[in-house]
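Given chain X, put chain G in place with the hints provided.
One-letter residues, chain by chain:
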Amino acid sequence: DTAVSQTPKYLVTQMGNDKSIKCEQNLGHDTMYWYKQDSKKFLKIMFSYNNKELIINETVPNRFSPKSPDKAHLNLHINSLELGDSAVYFCASSQQGNTEAFFGQGTRLTVV
Amino acid sequence: AQSVTQLGSHVSVSEGALVLLRCNYSSSVPPYLFWYVQYPNQGLQLLLKYTSAATLVKGINGFEAEFKKSETSFHLTKPSAHMSDAAEYFCAVSDESFQKLVFGTGTRLLVSP
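As they're listed, the protein sequences go chains X and G.
Numbers 1 to 112, taken from the working numbering, label the letters of the first sequence in order.
Numbers 1 to 113, taken from the working numbering, label the letters of the second sequence in order.
Just chain X, with the same shape it has in the complex (with noise of 0.2 Å):
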């Protein structure tokens, strides 16, 4: 039974293209996040959301557009996919005050 399960694992696409990646959490967590992982393993916070609300949104490019439906659902819509967006995008979980933070298995990002 996953607690933070994103869907698709891997995820290999032209440059220009649009892609999204979805993100579920059964932890009854109120907050959830989508971290970067680059070519270096260094990971970085792109955005959180707390009760479906835009918390951090750390000067990422607008090509990225974060979608919390509900709060157990946080997606990542990306336009205009370019060679750097090339990465492994984790979503995370946690309860609110506590940045203890269960993470998915991570979507790995190709742009050719």
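In case anyone wonders, no lab produced these hints; they're calculated from the structure.
What you are looking at is a predicted structure, and each value in this text was computed from that prediction instead of being measured.
Every residue gets a Cβ at the ideal spot worked out from N, C-alpha and C, and that includes glycine.
Among the clues, some could well be false.
[To be verified] A few chain G residues that face chain X, going by a derived Cβ cut-off under 10 Å, partial list only:
no., residue
1, Tyr-32
2, Tyr-36
3, Asn-41
4, Thr-51
5, Phe-90
6, Ala-92
7, Val-93
8, Ser-94
9, Asp-95
10, Phe-98
11, Val-102
12, Phe-103
13, Gly-106
14, Arg-108
[As the list claims (entries may be wrong)] Below, a list of computed lysine-lysine pairs in the BS3-like style, where the Cα atoms sit at most 25 Å apart:
no., chain 1, residue 1, chain 2, residue 2
15, X, Lys-19, X, Lys-71
16, X, Lys-22, X, Lys-71
17, G, Lys-49, X, Lys-36
18, G, Lys-49, X, Lys-44
19, X, Lys-41, G, Lys-49
20, X, Lys-9, X, Lys-40
21, X, Lys-40, X, Lys-22
22, X, Lys-41, X, Lys-9
23, X, Lys-19, X, Lys-44
Showing chain G alone in chain X's frame:
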């Protein structure tokens, strides 16, 4: 701003040897500190956390870490390495408002027979 520094991008040990992965933090408030492990092609799994209670924190898989305020350190140790411990290890600190984690650059642990 909060930050963590992990010394050594790679650490190699023999099976059965002591594991020591170093993490130093910088924080303007009493920190919450975490160690996560990432196995190949997998997500991050919490090993242990420090949240201002006991300074010696025990985690899963025989790992432990000691919070030393005077040294601003939170090093991860395990008395005896196992082949299955080979992975990437990340130290992280909560930001000042406890709204996100700030990660170190990671340390790859290699375990040889």
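Now the hints, each set against the structure:
1. Tyr-32: With a closest approach of 6 Å, the G:Tyr-32 hint holds.
2. Tyr-36: This interface hint holds because 8 Å falls under the 10 Å limit.
3. Asn-41: holds (8 Å)
4. Thr-51: holds (8 Å)
5. Phe-90: Nearest chain X Cβ about 7 Å off; hint holds.
6. Ala-92: With a closest approach of 8 Å, the G:Ala-92 hint holds.
7. Val-93: holds (9 Å)
8. Ser-94: holds (4 Å)
9. Asp-95: holds (8 Å)
10. Phe-98: Given a least distance of 5 Å, the restraint on G:Phe-98 holds.
11. Val-102: For G:Val-102, the interface hint holds, since the closest Cβ of chain X sits about 8 Å away, which is under 10 Å.
12. Phe-103: holds (4 Å)
13. Gly-106: Status holds, d = 5 Å.
14. Arg-108: holds (8 Å)
15. X:Lys-19 <-> X:Lys-71: Holds: X:Lys-19 and X:Lys-71 sit about 22 Å apart, inside 25 Å.
16. X:Lys-22 <-> X:Lys-71: At roughly 13 Å apart (the allowed maximum being 25 Å), X:Lys-71 and X:Lys-22 satisfy the hint.
17. G:Lys-49 <-> X:Lys-36: Judged against 25 Å, a Cα distance of about 22 Å means the pair holds.
18. G:Lys-49 <-> X:Lys-44: Holds. G:Lys-49 to X:Lys-44 sits at ~19 Å (cutoff 25 Å).
19. X:Lys-41 <-> G:Lys-49: holds (21 Å)
20. X:Lys-9 <-> X:Lys-40: Given pair X:Lys-9, X:Lys-40 holds - Cα atoms ~19 Å apart, limit 25 Å.
21. X:Lys-40 <-> X:Lys-22: Answer holds: X:Lys-40 to X:Lys-22 is near 24 Å, not above 25 Å.
22. X:Lys-41 <-> X:Lys-9: holds (17 Å)
23. X:Lys-19 <-> X:Lys-44: Holds, at about 20 Å.
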